[in-house]
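*Asks:* Listed here are the chains, written in short residue letters.
Protein chains: 4
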Amino acid sequence: YGKNTIKFLRLHREGKKHFVKEVEVCTHLRLTSAQEYLDGNNSLVIPTDTIKNIVLVLAKKNGIPTLEQFAIDICKHFMTTFCQVAYVKTYVQEVPWQRLHENGVPHVHSFICVPDGIRFCEAEQCRNGPLVVFAGIKDLKLMKTTQSGFEGFYKNEHTTLPERKDRILCGELFCKWSYGECKDFDFDCIWNKIRECILEAFSGPPDCGEYSPSYQKTVNSIQMLILSKVSQVQVIDVVLNNTFYNVVDMKNLGLTNDKEVLVPVEAPYGSCTCTLGRK
Amino acid sequence: YGKNTIKFLRLHREGKKHFVKEVEVCTHLRLTSAQEYLDGNNSLVIPTDTIKNIVLVLAKKNGIPTLEQFAIDICKHFMTTFCQVAYVKTYVQEVPWQRLHENGVPHVHSFICVPDGIRFCEAEQCRNGPLVVFAGIKDLKLMKTTQSGFEGFYKNEHTTLPERKDRILCGELFCKWSYGECKDFDFDCIWNKIRECILEAFSGPPDCGEYSPSYQKTVNSIQMLILSKVSQVQVIDVVLNNTFYNVVDMKNLGLTNDKEVLVPVEAPYGSCTCTLGRK
Amino acid sequence: YGKNTIKFLRLHREGKKHFVKEVEVCTHLRLTSAQEYLDGNNSLVIPTDTIKNIVLVLAKKNGIPTLEQFAIDICKHFMTTFCQVAYVKTYVQEVPWQRLHENGVPHVHSFICVPDGIRFCEAEQCRNGPLVVFAGIKDLKLMKTTQSGFEGFYKNEHTTLPERKDRILCGELFCKWSYGECKDFDFDCIWNKIRECILEAFSGPPDCGEYSPSYQKTVNSIQMLILSKVSQVQVIDVVLNNTFYNVVDMKNLGLTNDKEVLVPVEAPYGSCTCTLGRK
Amino acid sequence: YGKNTIKFLRLHREGKKHFVKEVEVCTHLRLTSAQEYLDGNNSLVIPTDTIKNIVLVLAKKNGIPTLEQFAIDICKHFMTTFCQVAYVKTYVQEVPWQRLHENGVPHVHSFICVPDGIRFCEAEQCRNGPLVVFAGIKDLKLMKTTQSGFEGFYKNEHTTLPERKDRILCGELFCKWSYGECKDFDFDCIWNKIRECILEAFSGPPDCGEYSPSYQKTVNSIQMLILSKVSQVQVIDVVLNNTFYNVVDMKNLGLTNDKEVLVPVEAPYGSCTCTLGRK
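Line by line, the protein sequences are chains A, B, C and D.
Terminal number for the first sequence in our numbering: 281, no gaps in between.
Terminal number for the second sequence in our numbering: 281, no gaps in between.
Terminal number for the third sequence in our numbering: 281, no gaps in between.
Terminal number for the fourth sequence in our numbering: 281, no gaps in between.
No lab work stands behind these hints: they were computed from the structure.
Check the hints yourself; a few may be wrong.
Same chains, same names: a pair is fine if it fits in one copy or spans any two.
As the list claims (entries may be wrong) - Cross-link-like lysine-lysine pairs, in silico, DSS-like; alpha carbons within 25 Å at most:
#, residue 1, residue 2
1, LYS178, LYS91
2, LYS62, LYS185
3, LYS9, LYS157
4, LYS23, LYS185
5, LYS9, LYS23
6, LYS78, LYS63
7, LYS63, LYS157
8, LYS195, LYS261
9, LYS140, LYS23
Between the sequences and the hints, there should be enough to build the whole structure, so can you do that?
*Replies:* What follows is the structure in structure tokens.
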């Protein structure tokens, strides 16, 4: 049980310059007891309202140096304060505020919301177990308009899909990785590096791209690049939900449509999930 | 990988009387191969477009006798047809069309959408493993305006919640159960019986209700009643996401508010999850 | 300017029997002044926080006898209390709680949310003008599986739609009507009567239905029936957003699909709007 | 009546360099006839399916030089082709794809979705009337963490809001303007200029900002700046839906909270709308 979508803004001021971190936190606990379920005895139950208070108090006291550190702080607090807590998990998601710029000059206290991929993290701990940290990006929508195909697949009497050498690849990416044993990582720096890896593996070199023979291969390329470039990452989950773009048949309208007008097919949509770790 | 939100309507006609079943299907596969991820070799990959075709063809051929039977049919088809499939999972969710009635007379072909709890089911199978079936209800919103409190909970310096003997209990229920070894069950009849159990355990006798000392106890009561009344159910997951109703303090507006005007607090919201099975 | 989505629950108790009305209110004002826009002089500005307080206070004092009466109360309060208000508009929308029944017995204090069409109303007044009241229903999803076609339409070189004598008609209805000069109407009774008119005009007789040659004609039938049966209604707006159901072509899958499996096309969707009043 | 959410991607290629414009189009018509409503006579009705075809054909033939030009093309086509069309309106909204950059180098065919304010436009024409063009931006979320207050407002017994000299101003902006008589404008350039005006008027100079005494004044400042800097704009509508950030009272948790931890209040929310034109 726990509290979901604890939303708040942490404002930090250095003179006239302001820094904001707006987050949404979910914290869940499992207690050692079962009497609250069986007998309605609440004596060990930490109210979800108290959970919320603790999250806000920690934000006030420690600030949010990084999402990950904040999630770690919350887990540690519950484990050390309450002996009836058997397990704690905290999810933290960021509202993507970016500092405004006017003609290249950063503004001291104005921000704009730019949701081009949402950063999140998760920390969890069982009593007597290690504190495990995950981080990730979600709702990242990417498209490449060529250098993608799908050929040589398995066919039987239910196959109607034609082979394609040149299609649009468009999808929403979810990517979550674990840090294994948690040390003093520079979580912000790693997160940015991984985001760059995703964009690079998805799109290939800027002047020509790189051919994707399937969603599966693209997912794997993303994972391989991250594992090779970011040593702190142990395991990576990637989910690619793809929107297919259908080339509109304009023959009966007297026109030839050379992949100029395409219609997105939002339902049903394909999905490809893969988990990859180090040996 | 697989295909999500395959939406379609299955229309069945008996003379002038029409029967509709509109569903949303997600079917996911895991293959025995990894070459599509590593080498871009698609020779064993069943396109998600083919998955969609198969779902539609099975709906055409077999109809949708029950959601559960349809999910079972899909899983069996993939397991028996494709030897490269290591695992298959199918989720089926119903669009809640109900037959229209005019002055008590059922209409032969008109329907209204009544989303008071969405029915869904899931079937999954590993190669050489049993076919397992789950069913459930989600998005079921219930409220009781008394016979609910929360007292005697754990307190420390971060506790600000007052004890309450009479509060509103309002929540959205998710309930999913497994049928263990799958036999010839009357899935429709069981589903309706379980829905009744949920409503009964949540609200208590119609003339007086039954006191709930916590969300946890209410969740447990629902599970206990289902296990006692429906022998086919093996394990039950319940999630209760609750909306707290705050009694508006009207003292500074010169009024006494005796729980007459309450404001829902939608974020953050508490959540209580429990899994209960038979011994 | 004003306050939107003021959500609250009004609880009314008669002994052990409880009655709930949960609503969402939006109240907007236009002031006689412009100085708040031009000079930042707020001396006549009623804060939106005060607007919220007033809505809650009126709910506490008067209750919500009907949505319409509550909207009228709010408008009257602003007009009579603040001479700087030039115009006031209030929208009230209901959360569709229904009393739970167990084996036909109504429960004294338990409710279920059944969103099969949302009731709303609107009241507005200019200073020195009449108080005008509107009411309506929205998000009402209806379907008929036959007795609908579309033939004889205008054709040119951009027409690819075939004529159809037997298609599925499925849509989401929005219906809003005005009451003209506002008297002591029984708003609950009228609303229910109009809802019945909509269902009847949409679906026709329960044993055979009635043929719809177009969305336009169906919209008009709904309006005509309401105007003929409900004398208090002066003008009616209807919007019918329709979802087309595409019969899946299964020829290349070796099957004949006699309107048994159909796929909803949710985007793009057609829309048909009509306003009809009395002479 | 008409067709809504006609979604498509227009792909334009110059050698290896690709350009994308993904849009969502709604086109509505009013016919000179009423017989389709009254008699079910469809002879003058242009099917919404044909409307969709025409939109796609025009995209294929003309491309989408600017959203505005495309909306104009559609309106002109309907007016000149169909004499039964009395009125036509077209709304075009853009999916905010931006070209990907790797280390500052633009990619030839990869794009990322960056929804920091959605661009849209509208064109409409009555038969024998002028073609009128509107453009706008919506879903633009901005925040300033100081230089905002609200004081000196009207007070009575329902006022509980304290005066504030330093609060957070956070809101979602909707801004729509008309171009009056439509000439050969550089719509892309104007749109970007107006977006800059909005950001500048909202936030003030980058080193210190500018004090906002109310939402009303901020809305007016945005409008005044646009009218003064962009001569082509005739009238501007601005809607500012604001999210209030509540400073968490931590006294009973033994802490002083100097506007460091704030909680967004998403419902109810204030709204401020203003229309401003030239004399």
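*Asks:* Please sort LYS9 with LYS157 into within, between, both or neither, judging by C-alpha distance up to 25 Å.
*Replies:* between (49 Å within a copy, 23 Å between copies)
*Asks:* Have a look at LYS78 and LYS63 and pick one of within, between, both or neither, based on CA distance no larger than 25 Å.
*Replies:* within (14 Å within a copy, 49 Å between copies)
*Asks:* With identical chains treated as interchangeable, where does the CA-CA distance between LYS178 and LYS91 reach 25 Å or less: within a copy, between copies, both, or neither?
*Replies:* both (16 Å within a copy, 22 Å between copies)
*Asks:* With 25 Å as the alpha-carbon cut-off, assign the pair LYS23 and LYS185 to within, between, both or neither.
*Replies:* within (23 Å within a copy, 45 Å between copies)
*Asks:* Is the C-alpha distance from LYS140 to LYS23 at most 25 Å within one copy, between copies, in both cases, or in neither?
*Replies:* For LYS140 and LYS23, both the intra-copy (18 Å) and inter-copy (24 Å) Cα distances are at most 25 Å.
*Asks:* Which holds for LYS9 with LYS23 at a C-alpha limit of 25 Å: within a copy, between copies, both or neither?
*Replies:* within (11 Å within a copy, 28 Å between copies)
*Asks:* Treating 25 Å as the Cα threshold, decide for LYS195 and LYS261: within, between, both or neither.
*Replies:* Classified as neither; 34 Å inside a copy, 33 Å across copies.
*Asks:* How would you label the pair LYS63, LYS157 (within, between, both, or neither) given a Cα cut-off of 25 Å?
*Replies:* between (61 Å within a copy, 21 Å between copies)
*Asks:* For LYS62 vs LYS185, is the C-alpha pair at or below 25 Å within one copy, between two copies, both, or neither?
*Replies:* within (24 Å within a copy, 56 Å between copies)
When the structure is compared with the earlier hints, a violation turns up for hint 8 alone.
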